[in-house]
Amino acid sequence: MEQERVIEVLKEKFEGEILQIETHYDFLTLSLKKDKIVEIIHYLYHHPDTKFQYLTTLSGIHYPDLNQIAVMYQLHNLVSNQRIRIKTYLPADNPVTKTLTPVFLSANWMERETYDFFGVRFEGHPDLRRILNVDEMIIFPLRKEYPLEDQTREDKNDNMFGR
Amino acid sequence: MSNTPSITEPNKVEEKQYATLNLGPTHPATHGIFQNVLKMDGEVIVSSEPTIGYIHRAFEKLAERRPYNQITPLTDRMNYCSAPINNIGWHMTVEKLLGIEIPKRIQYLRVIIMELARITDHLVCNAVIGVDTGALTGFVYMFQQRELVYEIYEEICGARLTTNVGRIGGFERDFSPKAWAKIDKFLKEFPLVMKEFENLLKRNRIFMDRTIGCGGITAEKALNYSFSGPNLRAAGVDYDVRVAKPYSSYEDFDFIIPVGSNGDVYDRFMVRQEEMWQSLSIIKQAIKNLPEGPYHTEVPEFYLPPKEEVYNNMEALIYHFKIVMGETDVPKGEVYHCVEGGNGELGFYLISDGGRTPFRLHFRRPCFIYYQAYPEMIKGSMLSDAILTMSSMNVIAGELDA
Chain A
1 MEQERVIEVL KEKFEGEILQ IETHYDFLTL SLKKDKIVEI IHYLYHHPDT
51 KFQYLTTLSG IHYPDLNQIA VMYQLHNLVS NQRIRIKTYL PADNPVTKTL
101 TPVFLSANWM ERETYDFFGV RFEGHPDLRR ILNVDEMIIF PLRKEYPLED
151 QTREDKNDNM FGR
Chain B
1 MSNTPSITEP NKVEEKQYAT LNLGPTHPAT HGIFQNVLKM DGEVIVSSEP
51 TIGYIHRAFE KLAERRPYNQ ITPLTDRMNY CSAPINNIGW HMTVEKLLGI
101 EIPKRIQYLR VIIMELARIT DHLVCNAVIG VDTGALTGFV YMFQQRELVY
151 EIYEEICGAR LTTNVGRIGG FERDFSPKAW AKIDKFLKEF PLVMKEFENL
201 LKRNRIFMDR TIGCGGITAE KALNYSFSGP NLRAAGVDYD VRVAKPYSSY
251 EDFDFIIPVG SNGDVYDRFM VRQEEMWQSL SIIKQAIKNL PEGPYHTEVP
301 EFYLPPKEEV YNNMEALIYH FKIVMGETDV PKGEVYHCVE GGNGELGFYL
351 ISDGGRTPFR LHFRRPCFIY YQAYPEMIKG SMLSDAILTM SSMNVIAGEL
401 DA
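So the protein lines, in turn, are chains A and B.
The first sequence: position 121 = 121 (the numbering used here), numbered continuously.
The second sequence: position 1 = 1 (the numbering used here), numbered continuously.
It is possible that some hints are incorrect.
[As the list claims (entries may be wrong)] Listed next, the in silico EDC-like pairs over lysine to aspartate or glutamate satisfying Cα-Cα at most 20 angstroms (straight line):
1) B:K96 to A:E22
2) B:K96 to A:D26
3) B:K61 to A:D135
4) B:K245 to A:D127
5) A:K51 to B:E64
6) B:K245 to A:D65
7) B:K332 to A:D135
8) B:K332 to A:D65
9) A:K87 to B:D353
10) B:K61 to A:D65
11) A:K51 to B:D353
12) B:K185 to B:D174
13) B:K379 to A:D127
14) A:K144 to B:E64
[Stated by the list, open to error] Facing chain A, from chain B, some residues (calculated, C-beta under 7 angstroms):
15) V44
16) S47
17) H56
18) R65
19) N69
20) Q70
21) P331
22) H362
These aren't lab readings, by the way, just hints derived from the structure by calculation.
Glycine included, every Cβ here is placed at the ideal spot set by N, Cα and C.
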């Protein structure tokens, strides 16, 4: 199965949902609108020409310049050995999307992790709690507004190298 | 569960009561920091609630502030049973981003190290399955062999557990004659010990009764739970990254992927056992066909120059300074690279915005993904089977919690 065929299959039904098609290091990356994301993945799961039935990974990316949080899904067809990456962009102030758990059981903890670190709320998730951090935590640590080092430190003069 | 009539008052029905058992987080039988709150009906598990994150160290966040060569030590603290695979997987991710061509000799040397690491990983797992079924002897024998591998690591990179082996572009030094001698010693001694260990358990009636049908999972469920590595192969799916997407010249080697059928503890044990034999064969092939060539690539921006050049050559001094201070910018890009780790597909999803550090680095940690099937796998089984299931899945706390 070629990458073109995947795009074709997607365009047959979800022409209006595609924002951007790129290839990064031979890895097909599709940017899709956020509304029908689960439907599209479900469609790709069952369509005989794509059959992406293995969820490799799911994660978030915070783009502070765009004020957006992207949710990245990586799907894999183990038979034809084809991989795609699907990205969907949510507003950083209120990141809400639908859960993928009805399609993939493995999405459960991956979505919990994404919620834990980025605050993305997955509607319909059976158990959306923090997973790696403590329950009392009030921030979402992998967002870019939380710098690793205390910016008010005065004992460290980094004028020469700037960080 | 049916309600049983009370003995003292035959007309009154006794209510069923469940016991809550807190297993972990530091229970010696769980081999790591895992907590499970179990709801027990006698000795049978009704449901379990795993809590993870006890040794979470925020590697993904830490990586956003570190230059690329400083991220390597973070990766070997994930799956510390096979640290070199993590290290080299990370090096290869950066090399893919930079577009560096790696000479064949380095690729073969990497294969040797990675397969040694795979052997130690599977060896620990299988030895521990033996311990949990009551066979402590095999464990002691096998751990002696792990010691031999750790001595090889020591000879190559100076460290034993958290190895930090190799650099971006190759190795920090060539394998010394002493290292080759140690590899030879291991290749000579290990098969004998392994054969003995295998004879001890493989057709052992007690072991088979104990493990066959325990903690099983079907192939469909395993795929839906995104299993990978030996656990997926034990369920009957022949997915191996080394074959599906060969890296580091794995296409040059002749090896088979063992698969199981039931996905139970015995199948996982046997798959790991066979994979160790295959790894041995890969190492022998790599040594036999080892090409001539350098042990590192010419990537002066990332590969630390030798000390005498730093003192005598201006350019080497500049590069030395830039590498140590982490001032090398990398091209923009978005790259995913995966290797077959000890537990499955170990992926590195790296976004670079052109600076000195990654913009975002996500680790696909196989343990984290397949451990969520654990409550389902142990439901309705005995407590002692749950312990066995966990050790046979080879859940590594460091990889689970990142």
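Evaluated hints:
1. B:K96 to A:E22: Holds, because 18 angstroms separates the two Cα atoms, which is no more than 20 angstroms.
2. B:K96 to A:D26: With Cα atoms ~11 angstroms apart, K96 (chain B) and D26 (chain A) stay inside 20 angstroms; holds.
3. B:K61 to A:D135: Given that 20 angstroms is the threshold and the Cα spacing comes to 19 angstroms, the pair holds.
4. B:K245 to A:D127: violated, 35 angstroms
5. A:K51 to B:E64: violated, 34 angstroms
6. B:K245 to A:D65: Distance of about 35 angstroms is beyond 20 angstroms: violated.
7. B:K332 to A:D135: It is violated: about 36 angstroms lies between the C-alpha atoms, which goes past 20 angstroms.
8. B:K332 to A:D65: Satisfied, since the Cα-Cα distance of roughly 16 angstroms is no more than 20 angstroms.
9. A:K87 to B:D353: Distance ~17 angstroms between K87 (chain A) and D353 (chain B) Cα, so the pair holds.
10. B:K61 to A:D65: Holds, because 18 angstroms separates the two Cα atoms, which is no more than 20 angstroms.
11. A:K51 to B:D353: violated, 32 angstroms
12. B:K185 to B:D174: Holds, because 19 angstroms separates the two Cα atoms, which is no more than 20 angstroms.
13. B:K379 to A:D127: holds, 18 angstroms
14. A:K144 to B:E64: holds, 10 angstroms
15. V44: The hint is violated - V44 (chain B) has no Cβ within 7 angstroms of chain A, the shortest such distance being about 23 angstroms.
16. S47: The hint is violated - S47 (chain B) has no Cβ within 7 angstroms of chain A, the shortest such distance being about 13 angstroms.
17. H56: Because about 4 angstroms separates H56 (chain B) from the closest Cβ in chain A, which is inside the 7 angstroms limit, the hint holds.
18. R65: Status holds, d = 5 angstroms.
19. N69: Not OK, violated: N69 (chain B) not within 7 angstroms of chain A, min 16 angstroms.
20. Q70: violated, 13 angstroms
21. P331: At 11 angstroms from the nearest chain A Cβ, P331 (chain B) fails the 7 angstroms test, so the hint is violated.
22. H362: Constraint on H362 (chain B) satisfied, holds at 4 angstroms.
Checked against the numbered hints given earlier, the structure breaks hints 4, 5, 6, 7, 11, 15, 16, 19, 20 and 21 and satisfies all the rest.
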